[in-house]
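2 protein chains.
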Amino acid sequence: MNTVAIAGVGLIGGSFALAIQKAGFRGRILGVSSPSTIDAALNAGVIHAGVTLEEACAEADLFYLAQPILAIMRTIDAIAGLVRPDCLVTDAGSTKGDIVTFATQRLTRCQFLGGHPMAGKTSRGVAVADADLFQGRPYVLTPTDKMHLETPAALHLVSWLEKIGAVPIVLAPEEHDRTVALTSHLPQLASSALAATLAAMLDTGNQLRVSGPGLSDTTRLAQSSFEIWEDILATNPVAIGQALDAYIDKLHFFRQNLTNPRLREEFAVAAELARKCRR
Amino acid sequence: MNTVAIAGVGLIGGSFALAIQKAGFRGRILGVSSPSTIDAALNAGVIHAGVTLEEACAEADLFYLAQPILAIMRTIDAIAGLVRPDCLVTDAGSTKGDIVTFATQRLTRCQFLGGHPMAGKTSRGVAVADADLFQGRPYVLTPTDKMHLETPAALHLVSWLEKIGAVPIVLAPEEHDRTVALTSHLPQLASSALAATLAAMLDTGNQLRVSGPGLSDTTRLAQSSFEIWEDILATNPVAIGQALDAYIDKLHFFRQNLTNPRLREEFAVAAELARKCRR
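Residue numbers (the numbering used here), protein chains in the order written: chain A, 1 to 279; chain B, 1 to 279.
Don't take each hint at face value.
Identical chains share a label here; the pair holds if one copy fits it or two copies do between them.
Okay, derived cross-link-like pairs now, SDA-like style, lysine to any residue, Cα gap no bigger than 25 Å in a straight line [claimed, not checked]: (1) K276 <-> C110; (2) K121 <-> R264; (3) K146 <-> N257; (4) K163 <-> P213; (5) K22 <-> V158; (6) K22 <-> D61; (7) K121 <-> D203; (8) K121 <-> Q223; (9) K276 <-> Q111; (10) K121 <-> D77; (11) K276 <-> A127; (12) K22 <-> R106.
Since the hints were made in silico from the structure, they are not lab data.
Construct the complete structure from the given sequences, taking the supplied hints into account.
Okay, here's the thing in structure tokens:
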């Protein structure tokens, strides 16, 4: 792997570039992004050059797509006829079903391997890119056939993921999407809906002072940008809908049993799950 | 103020004892708690002596009730005929309506002033008591008449709250309860219900690995003990029910508009509220 191209040099793409450099990558890293992002990424030593998609395709052994989901699909479409046959295209999109289906149909010239690093920050952009972002974090890979993980290019990618401290997990695209609907998309919507409810119900900003640290925790995700979430909601609506239905049912149960000892059991089950999240 | 008695020497009661000592209190601090808690509190220098309620009443200038809500009411009942007339009784209960109503009726011998420090930790008990727990945190006082804040004993308490770094806020008991139903009780139930939903919907613990830091934030409160929440739910069910209804309505709206651009506005309102929580 001599040349890595990164489309979308933001938090994730920029962090991947910094992480592989820190882990010993000595090849070239090309960035495809807006002019202002390329300037910032060059100044911060995140990439070695800013190039066009066409130029990236001519050189890249690994093409890392770290854009929003619909932009990833547009990029796949744009590079499909241009990539080198021994290039591996991978992505960091937050849903996998639509991307993998589209890539399988469209990207016939070289291998595609879907990915999703379970890492992030509230802030976005190359300015907050971090060489240690993936350290100890799960990194889901979603081959449509597990044999696709055994190609030289895929083995190479996995070895780099391990070098940057990520923990590879293999899931089918649909299983990934059902899982993150619960572990990521539902928490986001629960937090956004909570903050939106408070905004509607609180008379004055002053009342917000009457709160403990728990309010900060539960509303942290509500700061997330809709630009990211719009594509996630559009590409995983069925699983997200099922997760929301189950959550609303559970809240109804809580509502109807506020002073019923049965709620003790719900709290116990919830506390056990919350502890598992922390192991 | 020569002698402070604390009923319930746990996280809050123990932290109050440590905080006033750190702020220069040189009088005696008496603890009323279980024998094991008294031992731990004596060993940690949190209190000077463990006493009975009767002994505490004979000496205390300030009686600080830091138990669960229903236990606070039982203590008020028990000390009503025993406290010194110039004692000030205050409490740290998480709901105020029922406690203040009960104390007003029952505690005729001395002044009562309801309180609620907006501070806490996930862990409980005197072992995690912390002299800086109240530093910079709001501390709600709920007099039924604002004149009650002007008595010498109340002025004295407020000056100690300020010395330990707390930020006093005055609210009517009902206004307090309506506010914390939204800023504290709803976030707790949203977190517990989220964790309970995940526990029911996830097939395997393994799936939990496929998550980002947002899941930890949104499920942190779900670790809370039901022992505390049982009393809160029992003494603020109307306001909590209204808060839950509003939250469920908002989630329904999200559910029905997952791929509708109207959700952008909800995310914007939510993000603004989340930022306000952090100011």
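**Prompt:** When no copy is named, should K22 and V158 be tagged within, between, both, or neither for a Cα gap of at most 25 Å?
**Reply:** Only inside one copy: K22 and V158 sit 16 Å apart there, 54 Å across copies, limit 25 Å.
**Message:** As a check of your reading, is K121 near D77 (CA-CA no more than 25 Å) within one copy, between copies, both or neither?
**Reply:** neither (29 Å within a copy, 51 Å between copies)
**Intra- versus inter-subunit Cα pairing at 25 Å for K163 with P213** = between (36 Å within a copy, 21 Å between copies)
**Asked** How would you classify K276 and A127 at a CA-CA limit of 25 Å: within, between, both, or neither?
**Response** Classified as between; 24 Å across copies, 33 Å inside a copy.
**Request:** Measure nothing new, just compare the shortest in-copy and cross-copy C-alpha distances for K121 and R264 to 25 Å and report within, between, both or neither.
**Result:** between (34 Å within a copy, 20 Å between copies)
**Item:** Up to 25 Å CA-CA - R106 versus K22, copy category
**Value:** Neither: 34 Å inside a copy, 68 Å across copies.
**Message:** Cα distance capped at 25 Å. Does K276 pair with C110 within a copy, between copies, both, or neither?
**Reply:** neither (40 Å within a copy, 48 Å between copies)
**Request:** With 25 Å as the alpha-carbon cut-off, assign the pair K22 and D61 to within, between, both or neither.
**Result:** For K22 and D61, the Cα distance is within 25 Å only inside one copy (19 Å; across copies 63 Å).
**Request:** Could you place K121 and D203 in one of the four classes (within, between, both, neither) given a Cα distance threshold of 25 Å?
**Result:** Intra 31 Å, inter 27 Å, cutoff 25 Å: neither.
**Request:** Indicate which option fits the pair K276, Q111 if close means a Cα-Cα distance not exceeding 25 Å: within, between, both or neither.
**Result:** neither (36 Å within a copy, 46 Å between copies)
**Item:** Intra/inter-copy verdict for K121 and Q223 if alpha-carbon distance must be at most 25 Å
**Value:** both (11 Å within a copy, 23 Å between copies)
**Message:** At most 25 Å between CA atoms: does that hold for K146 and N257 within a copy, between copies, both, or neither?
**Reply:** Intra 46 Å, inter 36 Å, cutoff 25 Å: neither.
Of the numbered hints given earlier, the model fails hints 1, 3, 7, 9, 10 and 12; all others are met.
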